[in-house]
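Residue numbers (the working numbering), protein chains in the order written: chain A, 6 to 340; chain B, 53 to 435; chain C, 61 to 427.
Hints are computed from structural coordinates only; laboratory data are not their basis.
Quick caveat, the model's predicted, so the values are computed rather than measured.
Take the hints with a grain of salt, since some may be wrong.
What the hints assert, rightly or not - Facing chain B, according to a computed beta carbon distance under 7 Å, are these residues of chain C, among others:
#	residue
1	I263
2	L265
3	P267
4	L268
5	L269
6	P270
7	V274
8	A277
9	T359
10	G383
11	Y384
12	L385
13	G399
14	A406
Ideal Cβ placement from N, Cα and C applies to all residues, glycine included.
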Amino acid sequence: MATPNGRKLLEVDRLVMHYKTKKGDVSAIEDVSFSLAHGESLGLVGESGCGKTSVAMSLMRLAADNARYLNGEIRLDGENLLALSEEAMRKRRWKSIAMVFQGAMNSWNPVYTVGDQIEEAIDLHIEPRPSEKQIRERMSRLFEMVGLNPAMLDRYPHEFSGGMRQRAVIAMALSCDPRLIIADEPTTALDVIVQDQILKELKKIQEKLGMTLIYISHDIAVIAEVTDTIGVMYAGKLVEYGSTLEVFHRPKHPYSYLLLSSTPSITGPRRKLAPLEGESANLLDPPSGCRFHPRCPFATEICVTDEPPLEDKVPGHKAACWHSDRVPVTIGAAV
Amino acid sequence: MLKYVAKRLIQGLLLLMVFLALLYMLLDAQPGDISLQLSANPRLPPEAQEIVRQRLGLDQPLLSRTVTYVLNFFQGDLGLSFTQYPRTVGSVILEKLPRTILLFLSATILAYYMGFALGKVMAWRRGKTVETGLTLGGVAAYTVFYPWFAILMLWFWGFQFGLFPLGKFIDVEEWTGAPMAANRVFMRMLISLGILGIVLAAVALVANRLPPERGEQVSRWGPPLVLLGFLAFWFFSPLRRYAADIAHHTLLPVLTLASVQFAGVMLLTRASMLETLKEDYILTARAKGLPQRDIRNRHAARNALLPVVTSLVLALSFVIGGGILTEGIFSWPGIGGQLLDATLTEDIPLATGTLGVIGIIALIGHLVSDVLYMYLDPRIRTS
Amino acid sequence: MTDTLTAPPEVPEQEPLGSIEEPLWRVRLRLTRRSLVQNWRLFVANRIGVVGLVMIVIFALMAIAHPILMATVWPRHIYHPINGYDAPVSERLVVEEVTDPETEVDLTTARIQYGPFTEVGETVSISQQPAPPSFGGTYPHYLGTDPLGRDVLSQLLYSTRSAFFLGLIAAVVTVLFATVVGSVAAFFGGWVDSVLMRLADLILLVPLLPVLIVVSALFRISLPLLGLLIGILSGFGGTAIILKSQALQVTVKPFLDAARIAGGGNGHLILRHVIPNVLPLSFLYMMFTVTDAIALEATLSFLGLLSIPMSWGIMISIARTQGYLLGSLEYWWLLVPAGLAVSLLAAAFFLVGRAMDEVVNPRLRQR
Chain A
6 MATPNGRKLL
16 EVDRLVMHYK
26 TKKGDVSAIE
36 DVSFSLAHGE
46 SLGLVGESGC
56 GKTSVAMSLM
66 RLAADNARYL
76 NGEIRLDGEN
86 LLALSEEAMR
96 KRRWKSIAMV
106 FQGAMNSWNP
116 VYTVGDQIEE
126 AIDLHIEPRP
136 SEKQIRERMS
146 RLFEMVGLNP
156 AMLDRYPHEF
166 SGGMRQRAVI
176 AMALSCDPRL
186 IIADEPTTAL
196 DVIVQDQILK
206 ELKKIQEKLG
216 MTLIYISHDI
226 AVIAEVTDTI
236 GVMYAGKLVE
246 YGSTLEVFHR
256 PKHPYSYLLL
266 SSTPSITGPR
276 RKLAPLEGES
286 ANLLDPPSGC
296 RFHPRCPFAT
306 EICVTDEPPL
316 EDKVPGHKAA
326 CWHSDRVPVT
336 IGAAV
Chain B
53 MLKYVAKRLI
63 QGLLLLMVFL
73 ALLYMLLDAQ
83 PGDISLQLSA
93 NPRLPPEAQE
103 IVRQRLGLDQ
113 PLLSRTVTYV
123 LNFFQGDLGL
133 SFTQYPRTVG
143 SVILEKLPRT
153 ILLFLSATIL
163 AYYMGFALGK
173 VMAWRRGKTV
183 ETGLTLGGVA
193 AYTVFYPWFA
203 ILMLWFWGFQ
213 FGLFPLGKFI
223 DVEEWTGAPM
233 AANRVFMRML
243 ISLGILGIVL
253 AAVALVANRL
263 PPERGEQVSR
273 WGPPLVLLGF
283 LAFWFFSPLR
293 RYAADIAHHT
303 LLPVLTLASV
313 QFAGVMLLTR
323 ASMLETLKED
333 YILTARAKGL
343 PQRDIRNRHA
353 ARNALLPVVT
363 SLVLALSFVI
373 GGGILTEGIF
383 SWPGIGGQLL
393 DATLTEDIPL
403 ATGTLGVIGI
413 IALIGHLVSD
423 VLYMYLDPRI
433 RTS
Chain C
61 MTDTLTAPPE
71 VPEQEPLGSI
81 EEPLWRVRLR
91 LTRRSLVQNW
101 RLFVANRIGV
111 VGLVMIVIFA
121 LMAIAHPILM
131 ATVWPRHIYH
141 PINGYDAPVS
151 ERLVVEEVTD
161 PETEVDLTTA
171 RIQYGPFTEV
181 GETVSISQQP
191 APPSFGGTYP
201 HYLGTDPLGR
211 DVLSQLLYST
221 RSAFFLGLIA
231 AVVTVLFATV
241 VGSVAAFFGG
251 WVDSVLMRLA
261 DLILLVPLLP
271 VLIVVSALFR
281 ISLPLLGLLI
291 GILSGFGGTA
301 IILKSQALQV
311 TVKPFLDAAR
321 IAGGGNGHLI
331 LRHVIPNVLP
341 LSFLYMMFTV
351 TDAIALEATL
361 SFLGLLSIPM
371 SWGIMISIAR
381 TQGYLLGSLE
391 YWWLLVPAGL
401 AVSLLAAAFF
411 LVGRAMDEVV
421 NPRLRQR
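Build out the structure end to end from the sequences listed, making use of the hints.
Right under this line is the structure:
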């Protein structure tokens, strides 16, 4: 589903981002490339600290002040976001790219009504400015779409339950018809049942609006429910990238495999869960060669010395591993 | 919300009663009473002493005397002053109270307004030289020995530069042939200030109701215009000269009291802003593409205001203490200076009466900050 | 993979609780020491706190220096902060009729000031009476003398000791009251809590300075009594309320139930579990109480309401009552050293308090 001129909506090209700290550079994003066409949905998965949130923040250009972009481009409709002035970028936020945040429980300012906070975004980005009545109608439609009573617009965030707040956040993200929505762990803080409802809602809306979505989570099962493509990140690098079904059933990177086998499945057959051993790599001083080698059950000499390239293992399914043929097929994961 | 205010009001009144009762008992705990002074008079027979004691109610048990005192206090009867006999304590306090209210109120409003405005900018520019300098200056102003600071201010501005008079409320020479007493001019000034405050608040409310662009216009041009009108009113008033004299005497004590309070507010706002800036909704606001100024003022500062309002309660004791010292050092004839005088001359009824009224001021301050907080925080308002 | 799963977790060398044979008190001691070291590191990382601490140490040295100086180099009759006296001395010729007051003195004055057997024609050395504040006198006065001819430096050092003494009393009393009231209110709840907290509300409502002013009119207030009063009023007021909310967080923790099931009585529970958890916060607010106490004492002395022989506040008060207030530039040593001393010591405790705040409340820390 490419745009008429054949260009993708979003292209992240060889992005390298480090955080400057007193203790040295933290390599948060290391040579990450992916692209996304209109209406596509991509899931980014990995442990906390693997760089997935850094990628999301970089797309919004909201990474912490000590973030340094050493290489690469982020192109939205061909326009390099990293080259824009702060003012130009500010105008694109929410209008071009909106975000549903991690810990969205606290993403509402407690002293304003939810309606006021959505209106604030509409006021800022929709030209010409619609009338008060039009804004109201628009917000009501959005609220109905996410399954909330429009009367709740005049309520304060603390009067919402966690799930309702999250629905309202989604409504706010949709308020300016963004071309891309990034959802960063949007359901993590919710209980499983609400989590499931929100996911279904999100999927429904995505299908209805043909929304382009990047979904970030540490939970691969959740990602599988809403996305077409999965990117697996480990220690700042994209280690596997392919269609959701492919990655889910035939992972080509040991890390993806271990991630999958450490996730319980409700619908699939019973199986033993294998916890992921060891700790995430230290990004101040990342391991040599393949960054996963200290924790990898298949690691050999070459993994310590040489970095594996991210290359097609099966057409359209990339992985960065020297031993991808040794990675077993997963036993019926939950899709 | 009304229920809450009523509840706090009743609580406050009860607290005040307990406070007054304790005050009276403290008074009673001091050795001796007025009859001892009379008994020093050898010509007074013991029976006469007894009669005096009975007439003054000193033969009653402590509890009933305490109740009488508290009840009388609520009826406005605070007894007679020893040093200004036969004036009642009530009339002495009533004469001086407006001046104290002006001093406290204007210093507090000035300090909070400036302190909040500067504090929020400081937090926004964390780590810059300006911020470090202001923080150090703030700590210095906050911990400075206040009487010393006030003396230095008086010496520096009043004596060294001669910009301000060396204390007192009016310059007597200026007032020969004045059409009315200084206190009446002063009351008019107070009333006009009150009206000014109400009009400014109304402008702010209107600006809030209007759509953003229009509202911004109103909030930018409204207050200066109102202020200009206020000044013009006094400029063309026949009482201009006298009002100016009072204002001239008021300025230095107000600025001195405000500057110390200001430091505290600034430091607190800065800390509170830094906390707020870590909140998730600030990130949301940035992601929404709001301009920096809107993020700072609409989102961060609005929430950072809450702890600052709470601090009003804790600062109250500070303001009152500072106010008393200011009045003492600048010879400002308010109730704080009165308290000091009454204490030094051992005019006990006047001292306790003044302290009781100061307690009421503290209580009102408490209540105001409670109500203000409730108004500002919807989490409390709507529950 | 599965091998490492079944293998027992490796025991690190420095197991925090040590072996079973080790006596409990030693374990406790070690844990305390470790948390102290940890907190110390955090504290030192914050430069502002170190500045405050250094300032406090300097003042402490000043306090210690005074008795030593008095015992060694400073003659008591000259340098005693209260009774000492030194003034510029001038040689005068005793005459019947004074023509030049700069060099001559009449017989009566000379007999009163020098000796009853003075005769006309003798030369006497007369010290000026009353002595103007100056740097003159027979001995060096590095900060000059006050309007009564007393050494300002000696007064300054002497007063440091009483400031610390007052601060100490106020601090101990505050911690005691705040901790006990806060813990008991949180632990027992119910009417105990209600009564204590309403009382705390009342004390919080009462402005400290005017109350102390009135009390000082009714009773003689000495330094220890003042410390006690400030300690009680600030400990039982705002600090107790804050500590109660902290203690409340402890009382709902499961380890308290565990201790209760293990047979701990109320006293034991409060002493062993609640109090240690609120103590750090209590020490934090203690610092601010000390700041307040120093300022309050100086203020009350300045107003002449305390029965204290000498303090920084009294030094300023003397300059004020003797009419040297507006000569601030000319007679700077009367106002500046004492005023600075009060301000700096108060600032020092305030800075330490702020730094401790960042140790105790991790939310305030920078990243």
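To see whether the hints hold, each was checked on the structure:
The beta carbon of C:I263 comes no nearer than 10 Å to any beta carbon in chain B, farther than 7 Å, and the hint placing it at the interface is violated. About 5 Å separates the beta-carbon of C:L265 from the nearest beta-carbon of chain B, less than 7 Å, and the hint is met. Using the Cβ-Cβ criterion of 7 Å, the hint placing C:P267 at the interface with chain B is satisfied: the shortest such distance is roughly 4 Å. Because the smallest distance between the Cβ of C:L268 and any Cβ of chain B comes to about 6 Å, under 7 Å, the interface hint for this residue holds.
With its C-beta approaching chain B no nearer than about 3 Å, C:L269 sits inside the 7 Å limit, and its interface hint holds. Evaluation of the C:P270 hint against chain B yields a held restraint, the C-beta minimum of about 5 Å falling below 7 Å. Checking C:V274 against chain B: minimum C-beta separation of about 5 Å stays under 7 Å; hint holds. Against a cut-off of 7 Å between C-beta atoms, the interface hint on C:A277 holds, since the closest Cβ of chain B lies about 4 Å away.
With its C-beta approaching chain B no nearer than about 6 Å, C:T359 sits inside the 7 Å limit, and its interface hint holds. Taking 7 Å as the C-beta contact cut-off toward chain B, the hint placing C:G383 at the interface is violated, the least distance being around 13 Å. Here the hint on C:Y384 is broken, as its CB sits about 11 Å from the closest CB of chain B, past 7 Å. Because the beta carbon of C:L385 sits about 6 Å from the nearest beta carbon in chain B, less than 7 Å, this interface hint is met.
Interface hint at C:G399: satisfied, since its Cβ lies 3 Å from the closest Cβ of chain B, which is below the 7 Å cut-off. Taken as an interface hint, C:A406 checks out: its beta carbon lies about 4 Å from the nearest beta carbon of chain B, inside 7 Å.
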